[in-house]
Every structure is written in C-alpha cells, then in structure tokens.
Amino acid sequence: MATTTAVPASGPTAGRLVPWLKANLFNSVGNSIITIVLAVLLFWILKGLVQWGIIDAVWSAPNMRACQAAGTGACWAFVGEKWRFILFGRYPFELQWRPALVTLMLFAITGASFVPKLWRRETAYAWVAVLAVSTVLMYGGILGLEYVPSDLWSGLPLTLILSLLSMILGFPLAVLLALGRRSNLPVVKLFCTAAIEIMRGVPLITVLFMASLMLPLFLPPGFTVDKQLRALVAITLFLAAYQAEDVRAGLLALPKGQFEAADALGLSYWRKTKSIVLPQAITIVIPPLVGNLIGNFKNTSLVSIISLLDLMQTTQVALIDPNWRGLTSEAYLFLAAIYFVACFAMSRYSQWLERRLNKGKRR
Amino acid sequence: MATSGATGRSATARSSDSKIWNNPTVRGVFWQIVMVVVVVGSVAYLANNAISNLERQHIASGFGFLSREAGFDISEKLIDYDPSYTYRDAFLVGLLNTFEVAGLGIVLATILGTLIGIARLSKNWLLSRLAQFYVELWRNIPLLLQLFFWYAILHVTAPGPRDAWHPLPGVFLSNRGLMFPVPSADPTHKYIWIAFFVAIIATVLLDWWGRKRQETTGQPFPIIGAAAGLIIGLPVLVFLLTGLHLQPDLPELKGFNFAGGASFSPELTALLVGLVIYTASYMAEIVRSGILAVSHGQTEAAGALGLRGGLILRLVVLPQALRIIIPPMTSQYLNLTKNSTLAVAIGFPDLVFVANTQMNQTGQAIEGISIIMATYLAISLSISLLMNIYNARIALKGR
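Chains as they are written, first to last, in numbering that gives the first Met the number 0: chain A, 0 to 362; chain B, 0 to 398.
You may find that some hints are simply not true.
Claimed, not checked - With a Cα cut of at most 25 Å, we get these calculated PhoX-like pairs of lysine-lysine:
#1 Lys76(B) / Lys297(A)
#2 Lys76(B) / Lys226(A)
#3 Lys188(A) / Lys273(A)
#4 Lys337(B) / Lys76(B)
#5 Lys122(B) / Lys21(A)
What the hints assert, rightly or not - Label pairs and their in silico Cβ distance ranges:
#6 His244(B) / Pro18(A): 25 to 35 Å
#7 Phe29(B) / Leu175(A): 11 to 21 Å
#8 Glu259(A) / Thr329(B): 47 to 57 Å
#9 Phe195(B) / Pro18(A): 45 to 55 Å
#10 Ser59(A) / Leu245(B): 36 to 46 Å
Don't read these hints as lab results, they were simulated from the structure. Each residue gets a CB set at the ideal place from its N, CA and C atoms; glycine is no exception.
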C-alpha cells in the first residue's frame, strides 16, 4: 500500500525508466544482487498470496466442509457468513441498523474533527448531539425503540465507543494532570506525578484487571457498575497518563516569556492557563496526541481479555462456531484489514498535520 | 502558581492584600490541604468498602496464601516446579518466564529493528520501500491480533511433528513448537563460562586503563580489537585446552513428538515472533531518525580532517546517533516488557498468567494485582533511573 502511493513522488516516469532503474535499483553490484533477491522473494510471496487469497479462494459455501471440498484456498465464505456478527456481535439481529447508524455517525464526526477548518465551537456541539443520539439509539427504550441492555453492545460500535469516549473524557484529565505536575504546590505536584508514573509504569492489562476484578470490591455492597463502564474508566485513566506527558512536553516547550507576560498583565492562574498557556502548549503537541489516539484505538482490543465483546472478541466467538472451525487466517485477515485501514489513515493524517502545523515555524 | 499573579496585582490593589484569603501562601496551603483530605478520604472510604466486602464474601486477605500449596501446574518453567510447590514458587516461575520472553525479545527486536531501520535508508529503492511497507504494516495492527494470528498459524495451520517444516538442519517447526539443537551439557563447559566472565571483567579494566593512558599521554588504545580478542579468544582458548568437548544435541522425531535438543512451545514462539515483529517496526523508525539527525556536515568535516569511512562512522556519526537513539529505544524495551503481559491471551505462563490463575483460585484479587503492579513498577522505575544516569553522562556539556 505504502509502496504504490509513494511511487509518483520518486518513482519512474515514462521514457526515463531505464536511467531510473539504473540509479535506484542497479547502481552497484551489491545493490543489483539485493534487488534481484528481493524481487524473486517478493514475486514468490505475492504469487502464493494471490493463489491462496483470490485464485483458489472459495467465495460462497454453506459451511466449512463445503468450503474445503470446493478449493484449497481461502474460505471467504466465512467472512460473508459472519461479518455481521463480527461487526455487531450479540446486538439483536433485526435491530442492528441502530448500531450501524451509530457507527456511521461516529465515523462522520471523527472524520470531520480531523479537518482543521472545522475546529470550531459548532463541531463540539455536533459531538454532543452525536453522543446523545448514539446513546438513545444504542439503549433504546424511548421513542418507540426497543430497549437493549448494554451487555449486548458489541463489535465495532463497542470498540469505537470505548476508544472515542476514553479520548473525550481522558483529555481534560490529562491536561489537569499535566498542569498539576508542573505546579508549584508540592502536594499537588506529588499526587499528579505519582498518578502519572504509576499508570505509565504498569501494563494496560493490569489496569483492566484492576477495573474488572478489583473495582467491584471497592464499591459499597449492592452498588454495581457494568463491565463496559469499568473498562472505559480503565482505558481513560491509562490514556490520560500518557497524554498528560505529551501535554507536559508542550508546557515545557513554551517560552518562559509567555508566562511572564501573562503575569505582568496581572492575570490569575486559571485565566493565564486558559487563554495563554494551554492553547499554545496543545498546538505544539497535537501530532504526538494523535499518535496516542492511534495507540489507544489499537489498545482497546485488550478489553477482549476481560471478555468484553469488542471487535476482537466477536471475531474469536465467530471462530468457535463448529460449522466454521479453523478458519483463523481468514477471520484475522479481515479484522487486520479493518484495524489497518483505520490506523493507517490516522497515521497518514498525523504526518500531514505535522507538516501543516510546522509550516510557519520552518526555518 | 497564584504567587506571581497576586504579586502583580499587589501594586494596584494593595488594600485587598490585607485580607488573608488573598495571601498566595495561604491559598496554596489551603488547596493542598483540600487535596490531601479528598485523596485520603476517598482512599479510606474505598478501603473500608473493600474490607467489609471481603468479610461478607469470606475472602481472606493478606499475603499468607504465598506460602500455601499452589495446586496448579505450569506448562513452562525454568526452575523446578510442580503443583505441590507454593504460590511463591509459582510467581517466581512466572517472573522468570517474563524475563525470558523480555530478554530474548529485546535482543531479537533490536537486531531486526536496526536492520530494517538501516534498510529504510538504503539507496536501493526496492529495499527501502519494502522496509517502509514493513513498518507501516505491523505498527498499524493491534499487537493482540498479531499474537492471535501467529498462535493460530503455529497451532492450527502448522503441520504435526511427523511432517514438520525444517528450514535448517536440526531446526523443526511444527504444531508442537520450535525445536533447535543445543550443545549437549559437558562438565568442562563451566570453565568456558568462567573464562567468558573473566574476559568481560578484564575488558572493563582495560578500557578504564586505556582511557587514562589516552588522557595522560594522548596515545589511543585499540580497545575494540582488544575486547573482541579477549571476549572471543579466552573462551575459545579454554575450549581448546579442556579438550574440545562439543556434542550437538539434535532434536529427533521419536514416536509422536521430538526428543533431544531444545524447544520453544507454540505459545512462547508465537509470543516472541509477535513481540519482535511489532516492536521492531517502532525501533526501525527510531534508528532511521537517529541516523538522519546527525547532520551531513559532521561527516564532511570528519572527512576533511582526514578520517576514513569506518572511523567516521565509529567516532563521529554513531556516538551522536546513539545519543538520540538510546532514550526512545529504552522505552521500546520497556514497552516490549509490558506488552509481554499479553501472553495471558495465548496461554504462555508469564507473571500475569500465574497471578490470574492465583486470583481465580483464591479470590484475592487485590494481592494478585498488587504483586503484578509492584513488579512492573520496579522494572519501569529501575529502567528510568538507569536512563537518567545515562542521559546525565552523555548530555552535551558546556554552552
């Protein structure tokens, strides 16, 4: 993928192919050998993949046995049969238009938020509206929609909800933690530093285990919090600790004169922070923040370990079906494609954004 | 924080300063007291809940269970262990397994990551594009999915022992894992190990002496050659002197499984392959940007001074690139170690896996999680301590 998109920049142009090949692939004996070995290897791998994934593949079959009888290649019939389960899991089948709509809305609003022109107050209102409508659609119970308990929420909408909500809730927390770590008040500084370092020092699984096994013990008897919410709290705290360090880097990068000028104007701490310090500090660290979001989206898959039905876990469940057992490669490739498209798009976006934000600063 | 704001105001509004509320010190102390009260209060409230919950559910508390019999077996162990051993032993087995995966993973990922990072900078268009493709592909897929994928390949797709793949003589890959030859044990081998450690100590001393000589006389000492000679030469010499005791222990198909040699289980193999491939994609970018960050002028200046290729690389480029590469590389080492906890998903018995079993058996989640957290915090904090010492040593001085 990366190979094809990048070709126009440095790749061959018509009529200059031979000199280009000479300069870039066969400019020395060693390089010629490397080129030939790699080309043969690449051809061999691609041939195998095409043979298995396209030529010999079976596109429709009622079950795994029929698939194996029909051909030796990939059994895409499995994905055809199970994609709705993988995407929406145990959400009632005939009501799945609701999570589908929620997914589309979340994609649309996330995509819109990536456009710098739309970084306005209205977009924030749109987020609030989308989240409200999503909640109504997911739960139902009003407006004639059938009620669906939250433990049936699964698959792609659950993955999206967990990763987007943890981001929305985690960011303000991250800013507070970062400010606290830079505070002059020793107790505030100590607590914030300890919170950040502990969260960053332990693996995410530990935090998830803590939320799923330990949190119920700490709550008063009879008071329960559902599994999704517990996982959300864990991911939010974990993400906030990492983002706090990004924000802190932005605070450190801010010239001291900015703080002094604010003080000279006689602004209070919160006025100074809100109008002068944070807008600049956050702009500096937008690229690493986006990097964290990609990591967070991938990390959400870990909730399957505490048996939440996210995208990862619905795939695992789909694989248990005795009619379709053993088709792991097909299932995981389908899932990998979903994650890859989302993460690759975000990482390309963050590179583009970084170039754009650096335009004014380039020397 | 509020300090400077209030002092700035004091010139114009002196009268309000007389109120105690506007004294910045008082305000600071007040907010800190509020924070302590809130934090301590919530912790006390939660702890109180936990105690009453545990009592109600008849769950014991405290670390007494550590010396009780664990009663479960662990499939992979580097030390003696069976179900009659205590929980403490079980945790030790898990911890050693974590160290095994992390150690092997760090070494292999560093090698692979460095190679890919250099390949990314190659003048060969095909090689650099393939390296870029590698990086983009692996870092954009969740590690957990990659682990499941490798595990499925080893467990479902791989052939049985009878028709195992064997890419190299003595190396077999089947659904029982990876089998490879090792030198069979011989009593004389311990002298080779002793020679190896003696050589390392001698190298350190020699390096110290060489530096001192260079400082006083200006004569450089060829430490790299001497070190290589000592560390390789001394063990080889001992090996020759003790009479060349080396019998390879080859894995062989016996009945339904392999015997002899050494083996990695499918779980360990999948975990290692996944961790190494995933982490290497991040390391490649670190290596690449580290090398790119050394400005070309440096190489030219060194060339103008009359240094030749190898010396330029060793004395000018590498020391500067490493200063940039090592800190992020260390955090990748830490990430790999933390990510090895995903072992629990594919059933490799690392520390978290053992703790998870213990928590299911005893119901003592607080203790189990505390053990995991304490262990990883200790690892993280010691690595960042070492890094801070290292950074202080190599930081640019002067200016």
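Just tell me: holds or violated, for the beta carbon distance of Ser59(A) and Leu245(B) against 36 to 46 Å? violated, 58 Å
Range hint 11 to 21 Å: satisfied by the CB atoms of Phe29(B) and Leu175(A)? Holds, since Phe29(B) and Leu175(A) (Cβ atoms, about 18 Å apart) stay within the stated range.
Does the Cβ pair Phe195(B), Pro18(A) satisfy 45 to 55 Å? holds, 53 Å
Thr329(B) and Glu259(A) - C-beta distance against the hinted 47 to 57 Å: Given about 35 Å between the Cβ atoms, the range is violated.
Within 25 to 35 Å or not, the Cβ separation of His244(B) and Pro18(A)? violated, 59 Å
For the pair supplied as a hint, Lys76(B) and Lys297(A), confirm whether the alpha-carbon distance does not exceed 25 Å. violated, 31 Å
Need the status of pair Lys188(A), Lys273(A): alpha-carbon distance at most 25 Å? The given pair, whose Cα atoms are some 19 Å apart, holds under the 25 Å limit.
Do the alpha carbons of Lys337(B) and Lys76(B) lie within 25 Å of each other, as the hint requires? holds, 20 Å
Next pair to validate is Lys76(B) with Lys226(A); report whether the Cα-Cα distance is within 25 Å. Violated, because 34 Å separates the two Cα atoms, which is more than 25 Å.
Please work out if Lys122(B) and Lys21(A) have their alpha carbons no farther apart than 25 Å. The hint holds at about 11 Å.
When each numbered hint is compared with the structure, violations occur for hints 1, 2, 6, 8 and 10.
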